[in-house]
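Enquirer: Here's the letter readout for the chains.
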Amino acid sequence: EAQVTQNPRYLITVTGKKLTVTCSQNMNHEYMSWYRQDPGLGLRQIYYSMNVEVTDKGDVPEGYKVSRKEKRNFPLILESPSPNQTSLYFCASSLWAASGAPSQYFGPGTRLTVL
Amino acid sequence: AQTVTQSQPEMSVQEAETVTLSCTYDTSESDYYLFWYKQPPSRQMILVIRQEAYKQQNATENRFSVNFQKAAKSFSLKISDSQLGDAAMYFCAYRSYKPGGTSYGKLTFGQGTILTVHP
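The listed protein sequences correspond, in order, to chains Z and G.
Here the first sequence is numbered in our numbering, starting from 1 and rising by one per residue.
Here the second sequence is numbered in our numbering, starting from 1 and rising by one per residue.
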């Protein structure tokens, strides 16, 4: 089954304690990205990756890091989480195409609370 | 930069009735894609319908249809014969057409509209 998985699904942590949210897709997609969802703001892109070892900032990258060492995995790293990073996080993936808009597949979301 | 605005934080509809959710966007691009996503309480993001800007014909998917007004930069979603399972948060989203650019693949979302369906 084609899917994007995220772990953990729920996480409560404290300020400053490093954490990683994993994202994995089994569709051989080149493009992957992270979004955060906040009330009244919709979803905003944090980081994206066009392919292995190619990553770049989205609209709200402050306080986050990513890596893309393997095609299927795109972890989101919060090295020193703060309460303003409390949010719902989504990973998404799609094929890279020279034209058109390949469908994006979303993971199930990770609810993060930083105390 | 593109922006997407959903001016209706909440909407409600009676079961079997029709409801229209509004979305406006701002862009200087001529080619792009527009989407409506549904987010039920499970939080899963589900693609409802998509529209290519170069197509004049409005997209339809079963009970879901859009009214795409390119000149007005308006993209509303009509849900006909509303069902209890339609209750969810609905997001309008924009995607640039430019292949390979820095905005490639990025979806710009509106704030969302919570739809309640009354039995």
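Be aware that one or more of the hints could be misleading.
As the list claims (entries may be wrong) - Cross-link-like lysine-lysine pairs, in silico, DSSO-like; alpha carbons within 30 angstroms at most:
hint, chain 1, residue 1, chain 2, residue 2
1, Z, Lys69, Z, Lys57
2, Z, Lys57, G, Lys73
3, G, Lys98, Z, Lys57
To be clear, the hints were calculated from the coordinates, so they are not data collected in a lab.
Enquirer: Need the list of violated hint numbers for this structure, in ascending order.
Expert: Hint check: nothing fails, all pass.
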